[in-house]
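Take the sequences, apply the hints, and build the full model.
Number of protein chains: 2
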Amino acid sequence: MKKLINNPDEVVKEMISGFLYAYPSYLRKLDNVDVVVRKTSPVDGKVGLVSGGGSGHEPAHAGYVGKGMLDAACLGAVFTSPTPDQIYEAIRAVDGGKGVLLIIKNYTGDVMNFEMAKEMAEMDGIKVLEVIVDDDVAVENSTYTQGRRGIAGTIFVHKIAGAKAEEGAELEEVKEVAEKVIKNLRSMGMAFTPCIVPAAGKPSFTLDEDEIEIGIGIHGEPGTHREKIKGAKEIVAELMDKIIIDLPFRDGDEVALMINGLGSTPLSELFIANKEVNEYLLGKNINVYKTYVGEYMTSLEMSGFSISLLKLDEELKSLLDASADTPAFKQFK
Amino acid sequence: MKKLINNPDEVVKEMISGFLYAYPSYLRKLDNVDVVVRKTSPVDGKVGLVSGGGSGHEPAHAGYVGKGMLDAACLGAVFTSPTPDQIYEAIRAVDGGKGVLLIIKNYTGDVMNFEMAKEMAEMDGIKVLEVIVDDDVAVENSTYTQGRRGIAGTIFVHKIAGAKAEEGAELEEVKEVAEKVIKNLRSMGMAFTPCIVPAAGKPSFTLDEDEIEIGIGIHGEPGTHREKIKGAKEIVAELMDKIIIDLPFRDGDEVALMINGLGSTPLSELFIANKEVNEYLLGKNINVYKTYVGEYMTSLEMSGFSISLLKLDEELKSLLDASADTPAFKQFK
Chain A
2 MKKLINNPDE
12 VVKEMISGFL
22 YAYPSYLRKL
32 DNVDVVVRKT
42 SPVDGKVGLV
52 SGGGSGHEPA
62 HAGYVGKGML
72 DAACLGAVFT
82 SPTPDQIYEA
92 IRAVDGGKGV
102 LLIIKNYTGD
112 VMNFEMAKEM
122 AEMDGIKVLE
132 VIVDDDVAVE
142 NSTYTQGRRG
152 IAGTIFVHKI
162 AGAKAEEGAE
172 LEEVKEVAEK
182 VIKNLRSMGM
192 AFTPCIVPAA
202 GKPSFTLDED
212 EIEIGIGIHG
222 EPGTHREKIK
232 GAKEIVAELM
242 DKIIIDLPFR
252 DGDEVALMIN
262 GLGSTPLSEL
272 FIANKEVNEY
282 LLGKNINVYK
292 TYVGEYMTSL
302 EMSGFSISLL
312 KLDEELKSLL
322 DASADTPAFK
332 QFK
Chain B
2 MKKLINNPDE
12 VVKEMISGFL
22 YAYPSYLRKL
32 DNVDVVVRKT
42 SPVDGKVGLV
52 SGGGSGHEPA
62 HAGYVGKGML
72 DAACLGAVFT
82 SPTPDQIYEA
92 IRAVDGGKGV
102 LLIIKNYTGD
112 VMNFEMAKEM
122 AEMDGIKVLE
132 VIVDDDVAVE
142 NSTYTQGRRG
152 IAGTIFVHKI
162 AGAKAEEGAE
172 LEEVKEVAEK
182 VIKNLRSMGM
192 AFTPCIVPAA
202 GKPSFTLDED
212 EIEIGIGIHG
222 EPGTHREKIK
232 GAKEIVAELM
242 DKIIIDLPFR
252 DGDEVALMIN
262 GLGSTPLSEL
272 FIANKEVNEY
282 LLGKNINVYK
292 TYVGEYMTSL
302 EMSGFSISLL
312 KLDEELKSLL
322 DASADTPAFK
332 QFK
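So the sequence lines, in the order shown, correspond to chains A and B. Position one of the first sequence corresponds to residue 2 (our numbering), numbered consecutively onward. Position one of the second sequence corresponds to residue 2 (our numbering), numbered consecutively onward.
Worth flagging that the hints you see were computed from the coordinates, not collected in a lab.
Which copy is meant is left open, because identical chains are indistinguishable; a pair holds if it fits in one copy or across any two.
Capping the alpha-carbon separation at 20 Å, the derived lysine to any residue pairs in SDA-like fashion look like this:
| no. | residue 1 | residue 2 |
| --- | --- | --- |
| 1 | 331 | 292 |
| 2 | 334 | 322 |
| 3 | 14 | 235 |
| 4 | 234 | 10 |
| 5 | 68 | 332 |
| 6 | 40 | 291 |
| 7 | 3 | 234 |
| 8 | 3 | 201 |
| 9 | 334 | 324 |
| 10 | 331 | 295 |
Written out as structure tokens, the structure reads:
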């Protein structure tokens, strides 16, 4: 295992330290818990947005804390849900009087811990609502999930709910638009190689030199099947066929598109995938309104990528276009 | 070789296509040459900035074309200089009447081709100046270089010269500030694993499972030496010792810092490196004014990273702080 680390057991702690050194004008850490909040938290008169999850998916989620997106991110151990205590502290730190929305990826541990924290905060009189993101169409249940998994499409929920909250909307309205995003969002990924959790020191699974896994999860959970490697065009078509039919996305729809690298796939290859996705969508007369290509939700150094499609209406377009200024997601209106 | 591509010989062409699909509001491609320019080029009354180099370093350089940075990027074949014809077309496309500055990384082929293009454009009556970036302190000469190599610090030249040009400065002034950046800029990198040029299909060199290479170039050119793997703190100290002494950076200096991932090093590990660099600099009483952590100039899927330090004065701070809006580098003032 060749990693740029000091001690496998200190990876999250040291990463947070390096993260705070990089963005002192954006962020601060809460005392004694691995929670990162906006420097200015709580923001008075704004609904607070809290997300988080296991570490190892950087820049998710701490990279999305900032103006126009999240108020707090809770960082669990690598591929492990944050604890209820952590999430509870995050909720308390960002409640500006209008309540807090939790954005949870659908993994059993995450849902359980976020909901426990919600109950704890409600006992303090804080109004808390939640949404659960389950954008991955690959499999219905998996290693860590009942139902579908939440993957990179979650960034669209951060972005759009974040823009709504920034406008001064009420908690119920922010929740409503987050649910609209989730309802219109579909994703799917694939991998060329596994990743290595630092504390484990070896890959959690193996793939042959000519083998890929379709529908894999962001923790290396099994996908739909393995197959021989093939070209970018064929891989994209296989993922898109499953994504498109699921909503379904239809002739004339407008979409936001995210091509998300899982860790070690070069940006040049993600752009080749983007070409293939665009040509696929042109063939279906689906119009791409806005595109994001990069590493938004990774799996350590896994090689592979995911595609996320969000069907847009005028409200979602306007909120997606709003400016955002966070360490990992900056956009001018 | 497991890559997300269709045909090794079509990688650059298809990448550019996917790039243009992603950023139609920022960019357009010139007819018949692999040159990407701002959608609105030429910008009247603004010095044009042209950079470029071999492909395989994405998002460099096409990702930095946009407001506050470059006007054009010339994309060569993977790890191969763009041709004089390409660069000449780029110069012609972005000259807004105030002349054009070429920002060249110091590789023999690049320098030769950019200078030939400069002469061709001068024969058309276009005023062209050039700067050559040679920030890599690792080695004095290398596989593709006479003198020092230009690596990730080049992004600081794009940013600061770009901000100066955006202010309406004259060509000589833009060149002068670019040279000030180069004079105060030092970088060095290391690698855990090699990368695979698609058309070659296999790694250009190998490293043992417990071996790293210090001072490696962004094309896998030899560094200073190989050694057994060690912790992030020790690796950082080895690079920093060489960087710091070279300028030298001194007690009381203010710097901009870039921790640049070479391709497959997880962002979490780059943040651990950032922690170590910050602690190293604290120990020397050198103050970090602004930090950039991410993949700015990659080597396909190479695992490793580089550190760039730029010594700042008030002028450089102000230009570094200016807003920028390009596909790969966005910053609010």
